[in-house]
Amino acid sequence: MSLIAVVLVLVCGPHAQGTAPASPLTLITREGRRPVASTVLNGQEFIGLDDLAALLMLAVREDALAGGVTVTYKGRTVVASADQPMASVNGRVVTLAAPIARAGRRLLVPLDFIPRAIAPIYDSVIELRRASRLLIVGNVRVPRAAIRLEAAGPPTRLTVDVVPPFAVSTAFDAGRVLVRVDADALDIATTPAGAGLIDQIRTGDQTTTIAIALNARAGTPRISTTTTNESTRVLVEVPVAAQQETAAPPPPPPPAPAPAAPTEAPPPLLAARTARLQTMVVDAGHGGEDNGVRGPKGTLEKQITLDAARRLKRLVESRLGVRVVMTRDDDRAVSLDERNAIANNSKADLFLSLHTNGSPLASVKGTEVYYLRLDRAGEEARRNAAATELILPVVGGITRPIDIIPWDLAQASHVDASSRFASMLEEELEKRVPAGPRPLQQAPMRVLSGANMPAALIEMVYLTNGEQEQRVKSDDFQGALVEAIYGAIVRFKAYLEAPPTP
Amino acid sequence: MSRTRWLQVGGIVLVFAVAAWIASSVLERVVAPAPASSAAPTPAAPAASVPHIIATLYYGTPDGQALAAVKREVPLGEGPREQGRQILQSELEEAPAPYLSLIPRGTTLRAFYITDRGDAFVDLSAEASTMHPGGTTHELLTVYAIVNAVTANLASVERVQILIDGKQADTLAGHVDLRRPFERDTVLVRETKGTQ
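As they're listed, the protein sequences go chains A and B. Everything in the first sequence is counted per my numbering, starting at 1 for the first residue and increasing by one. Everything in the second sequence is counted per my numbering, starting at 503 for the first residue and increasing by one.
Note that these hints are calculated values from the structure, not bench results. Among the hints, erroneous ones may be present.
Stated by the list, open to error - In silico SDA-like links for lysine to any residue, alpha-carbon gap of 25 Å or less: (1) B:K573 / A:A59; (2) B:K573 / A:D63; (3) A:K74 / B:L656; (4) A:K297 / B:P564; (5) A:K74 / B:V689; (6) A:K297 / B:Q567; (7) B:K669 / A:S335; (8) B:K573 / A:R105; (9) A:K297 / B:G566; (10) A:K313 / A:A435.
Let the hints inform the model, and build the full structure from the sequences given.
Pasting the structure below:
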């Protein structure tokens, strides 16, 4: 009887679609960083066991009869129960926040499964830092950095305490102070919002650098670094610019320069976030001789993608006021590099490629969203991006910071933002159109790799499915699809343009 | 000849006949392909008398959503390079029921080689690309069926690059980046019960 109950729990278990947590988990290894998707179910955060197995090279065997899952790593074993919040780790029982759950075909484990069950059987150190949402695997140097801002001034004081002590370099250029820590990553639980003479504090994708944007009224800051046995402290004191200090007593805010300053500032060196969403590129997949997938009734992918791209352009331009550049607006061949070049040359802030999917089996259907998965070279490029910036002279005697990163890996420094956008797309699409077997995936997509901006790709339907081939041509379906994409763009725009939350 | 003598000769003939029948039926079993059974690996290559290994090959799962790792007999090859060729030749053949073929029919293996660094190059004929029906899902399954078939069976190979017609290719059908080598990836693999 209990056996049947266990099987039922395992098969029927918590199928409920969980909600995404406020921010994704970030895995940090010697190879670099990558986001890891997690789900909140009944107040507990879960991670996909398949994701975990792929990340940590674990072997997973599901045993429906015994009512659990066996996870093996180099001959060491964890047996997790399907109905009890506990696991046997090399024969020792540990308790967990929740029993393993199921979402569709995927098995989910509570987050504390990683430190409690996997860490004891693993070769390398595994550390889960919940506050900063970091999962650190292996010998990686990730000091904690506490940022405090005292706006009562002038001067406005900002302190960065790095624990344990680390070598820190600082620089002041073009109204920005950069604090760079010589570590593999930084663990920053909260970043305060700008105040006083500091407009914004941002941590880049690389997160070994903290960029502090100063107010237009700010003078040259005093920067000092002190190291004790416990920590390294960077103190940035920002005074009011000398000119303004001597101005008439009631200090009228300078009318034009203040708002203009942020937009005229050079593009951020390392910032993960693009400041604005002003231009986006919509890429209608395939075209010309390249028909893409052909449906059973002869519908061509290249036509569907063009129809949807035109519809999306109209909607986004009319409702959101964002400029939309199309990589093609007729039936012609555009190479994948050319599509990236159009996006990069338009200085687009977002890239979205529209496609229809194909399966070897006609019954597969649903919408799926992809963002780029980096290979070893990509991760390397992403890690080195910060170290390879150059300040290059451009026309007019001014200089511009340029990230030196191989052109075909331009996406490397945007993967976190792309993952954010892709998750928003998946969530909005799920509300309006049926989801595919893997609604959100990371894959080595050629058309995303050269885009120097957050980028994602949507496989709108499986055109190989007869029913979906019919539906995708209907006004209703295309309308719902484009509304969902629009919803995600609105959310991503808000995310980009919002000041970082403290 | 006495009656006893006749009986002796008849007995010897009978013994020979029975022995011949047993021998022929045993031989028949050895030479003929084994009947399909979920317990024993079926040969991916026809001649069962050829020495073989049991290799893991990858096909589409019956629901078309993932890769199935299927144990099959593959002719024994001398050294990793020759063994890799044999594995890929088998991988390019039609999938055994109930699995789905992921590599376009007519695709042939032009060359296979392994560098000292553990990078393998799989050079496929143009059909792999020109006859591919397209779609990201189908393309991912095709690419990782090839990559996993090589990396799962040859310990000396860490990464696999796919070439088309002897040259580096962008993609098979417009999606998956073929410009750089791939490592083994089991995210798309769904374990199958037993062997095929």
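**Study point:** Holds or violated: K669 (chain B) to S335 (chain A), with C-alpha atoms at most 25 Å apart
**Key:** holds (18 Å)
Exercise for review: Quickly compare the C-alpha distance for K573 (chain B) and R105 (chain A) to 25 Å and report which way the hint goes.
Suggested key: holds (23 Å)
Review point. Hey, K74 (chain A) versus L656 (chain B), does the alpha-carbon distance stay inside 25 Å?
Key: Satisfied, since the Cα-Cα distance of roughly 19 Å is no more than 25 Å.
Point to revise | 25 Å limit on alpha-carbon distance, applied to hinted pair K573 (chain B) and D63 (chain A) | key: holds (21 Å)
**Study point:** Restraint check for K573 (chain B) with A59 (chain A), where alpha carbons must lie at most 25 Å apart
**Key:** holds (18 Å)
**Study point:** 25 Å Cα cutoff - pair K297 (chain A), G566 (chain B)
**Key:** The given pair, whose Cα atoms are some 20 Å apart, holds under the 25 Å limit.
Exercise for review: For the pair supplied as a hint, K74 (chain A) and V689 (chain B), confirm whether the alpha-carbon distance does not exceed 25 Å.
Suggested key: holds (19 Å)
Check your understanding: When you check the alpha-carbon spacing of K297 (chain A) and Q567 (chain B), does it fall within 25 Å?
Key -> Holds. K297 (chain A) to Q567 (chain B) sits at ~22 Å (cutoff 25 Å).
Practice item. Starting from K297 (chain A), check that the Cα of P564 (chain B) is at most 25 Å away, please. Key: holds (23 Å)
Point to revise | Restraint check for K313 (chain A) with A435 (chain A), where alpha carbons must lie at most 25 Å apart | key: holds (23 Å)
When the structure is compared with the earlier hints, no violation turns up for any of them.
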